[in-house]
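With chain A fixed as given, assemble chain B onto it according to the hints.
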Amino acid sequence: MSDKKIAVKVDHVSKSFKLPTEASQSLRTNLVNYFKGIKGYREQEVLKDISFEVEEGDFFGIVGRNGSGKSTLLKIISQIYVPEKGQVTVNGKMVSFIELGVGFNPELTGRENVYMNGAMLGFTTEEVDAMYDEIVEFAELGDFMNQKLKNYSSGMQVRLAFSVAIKAQGDVLILDEVLAVGDEAFQRKCNDYFMERKASGKTTILVTHDMGAVKKYCNKAILIEKGLVKAQGEPDEVANQYSFDNANTEKNDQGKNVEKITVNNLKVELKSPGQTTPEEAVEFQVTYDVLEDLETYVAFSMTDIDRNIWIYNDNSMDEKTKGKGRKQLTYRCHLNGVNSLKLKLEVSVRDEKGKMLAYANASNTHIILVNRNDLALDDKSGRDSATGLLRRNGMWEITNE
Amino acid sequence: MNYFSKENRILLREMVKTDFKLRYQGSFIGHLWSILKPMMLFTIMYLVFVRFLRFDDGTPHYAIGLLMGMVTWNFFSEATNMGMMSIVARGDLLRKLNFSKEIIVISSVVGAAINYAINLLVVFIFAIVNGVGVSLGWLTIVPLFLELFLFTTGIAFILSTLFVRYRDIGPIWEVVMQAGLYATPIIYSLTFILQRGQVTIAKMMMLNPLAQIIQDLRHFIVFSGSMRGWDLIGHKAIALIPYVLPVLVFGLGYYIFHKNAKKFAEIL
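Taken in sequence, the protein lines are chains A and B. Under my numbering, the final residue of the first sequence carries the number 450; numbering is consecutive throughout. Under my numbering, the final residue of the second sequence carries the number 1158; numbering is consecutive throughout.
Treat the hints as calculated values from the structure; they're not laboratory data. Every residue gets a Cβ at the ideal spot worked out from N, C-alpha and C, and that includes glycine. Errors might be hidden in some of the hints.
Now the in silico label distances, taken between C-beta atoms and shown as ranges [what the hints assert, rightly or not]:
(1) Gln915/B <-> Ala179/A: 26 to 32 angstroms
(2) His61/A <-> Val1032/B: 49 to 55 angstroms
(3) Leu912/B <-> Glu133/A: 36 to 42 angstroms
(4) Glu175/A <-> Ile1018/B: 38 to 44 angstroms
(5) Glu401/A <-> Ala979/B: 39 to 45 angstroms
The following block holds chain B by itself, in its conformation from the complex:
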């Protein structure tokens, strides 16, 4: 079966379109929420972390870096959660129609990606207002997003397969995500760890693809002084791990999902 066949592309488009269309169904200002919600959330975050808690470590544009990390993490969290539930949520369909199950998971990730794009747009606007210079470095968002997408989809494949059989995965993943949020330099910066002399911990942190992606985004887009894992980890073979991991996770996830997909209709 060809997942990039015309039929599957159309199915994907229809599903994403429908989800997007129905997201703010029944609200007065409709899709304006897509922009308004992140803006309001960002304002709160800015007030809490920069003004009151003073997490600012002196890095230029710390607030923009914070937002960048936050929206990226939110994408990962939303996409994996939606992806995990997607197969079960569409169980009614799967029991009555035969169509590519991969598309269901991918459509959840794409739906979250659209949200991410809107959020990023808001972040970029904030960045420009904040005086961050637009440079060619911004283009790194393309390969970095691709990496993020592969990683997220791979995880979503694994989670959704497990979730069909074991609903326990729901709370487990929620806990893992909470731990992940604190184990990734998002609210605090990598410099914050380094300043306290925890170099080994900082290096271990940077093996996480999410941490690597967020730090790379900060480095190339917000402030070139932000430390990358690549520069931090001396051994280049090890530094390469977070870049290779997403590809492996995607491959594994796809394999597991594909092997079990035939049985979904019976288990659900």
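Extracted from the complex, chain A is given alone in its bound form:
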């Protein structure tokens, strides 16, 4: 597909755990079980034949619900657990943070903890020396490094741990649900760092519940459910699938979560050309089947791909559909007043409370290229102004004193 090197390759990995069925694991229960022919444990398949590849430079997201097996997968990638079947290959030095501040000792100073942690992650003293200043600076703990860790506030401890995590110079960085730390200013710094890391060409694997983070940082993602890869590919699509799954499951008789589909066959057809000008109308048609007696409406957004912002959103909340059956809606609008844009049209169907019932998959998500073709090649001023989102409409008034 591309000539990029594979950084992490997960090849048909399966893993199961033996969960004891009895509370105690004493010799007596073992003997009793043996003579009764009871196994005494239950095999719990956590991962079933998982395969994916992370290329060098990817910012790779792994999402999934609690108990879906993503943490086990992460531990297998980090080589803490050994898979039963399949194998994991990692190229380059891997730094893995299943949890922040592992091995931090409250009786040691901040500085000693950084060196200790570094040693556990497999760095030499010189390597820790080299990154020490950056870690301290990032954590904003310059005055406290010679204080014992037990005298730190919990926020300070987390900051130090997180700084070690992201400043550790590995080729592959693995982070597990760590985005929700620190105060706002620190979060902003982390955000900047992730953006920087995304651009730096180093490989990062992020496990999280936060769909915003996946959409924002990742360029690839997988969704794990019940030990299987449920969706793989574009982060937007994976994140949508995840949000959708979470909204549309309910407990069945056995108390297990099952997905409930109330709307299917959602199709979006673009009626106007995919390449257009701001003056031309944009028109599309949405069709879907409602399987239950529900009120539904369509909501869509047009996102500017380059700027990653919503340009135009609308919905049919005031004209909800009623009852079961096939629904067809057509929408027509103008994007007057904008400059050139690359738009992504994302459509979803919602119920009266706004809960997402269906969303358009990749083949029903259309790209609309809006091009201004009225600008002359030598119109330098016009072309410069056209880099903005909105078309210029102001006037200069020059007064000479």
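Same frame as chain A, now just chain B:
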């Protein structure tokens, strides 16, 4: 994986350093305890065994020989105990980080070895004060310690592997150590057994590497008249057993540990 790689050496150093640093954490006189504690314990031992119980069998510098045996045994006991617990004690780490597990066990043994070195230093001071002559024989401490270290580490590997699965090993090992203490000529001397005509028992005792190491230390450092197992056991192939055993135990221990180490994170 290379256990002598730079990363692992640094990890070992950091772990030993931390343990040592935190040993007398919060005490007023801090590391002075490292010297003061053995000195006080030695004084008690001297009073009990030499003055009151009169275990002295007439061997010159009996008290120094007693201390020598006692500190060596204490090292073995401390190192195997700490080594046994080390993997479980660091279970929290093992479940979240991937690093060489061997280093954890070795660091406990090295930590105990530092203690041993300090104790030995005190014993040497006592010895010189007691009039034991300093000789080249003192250098035998180097190969003998190496032997002791291999044996101890090997046992610690086996115990820690078992302890992960079966916590029963804890009390069992405590009992074994208690038995071992009495089955090794430490409090009483080898001569004490020989004087009662129990030659076969004395020979069997000397097959224990710990007994051999302690007797060798006494022979080469304290008093050259102390009987070595080597001289006691006529058949040289048999006399060699305590010297070979530590190497075998280390090899076996390492093999067992290495084979099971991958599973530690899951069991803990």
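Item to check | Consistency of beta-carbon spacing, isoleucine 1018/B to glutamate 175/A, with hint 38 to 44 angstroms | outcome: holds, 42 angstroms
Next on the checklist: Quick check on a hinted range of 36 to 42 angstroms for leucine 912/B and glutamate 133/A, using CB atoms only.
Outcome noted: holds, 39 angstroms
Next on the checklist: Tell me if the beta carbons of glutamine 915/B and alanine 179/A are separated by a distance inside 26 to 32 angstroms.
Outcome noted: The hint (26 to 32 angstroms, Cβ to Cβ) holds, given that glutamine 915/B and alanine 179/A are roughly 30 angstroms apart.
Checklist entry - Measuring from beta carbon to beta carbon, are histidine 61/A and valine 1032/B in 49 to 55 angstroms? => result holds, 52 angstroms
Checklist entry - Does the Cβ distance between glutamate 401/A and alanine 979/B fall inside 39 to 45 angstroms? => result Violated - the Cβ-Cβ distance for glutamate 401/A and alanine 979/B, about 57 angstroms, lies outside 39 to 45 angstroms.
In summary, the one numbered hint that this structure violates is 5.
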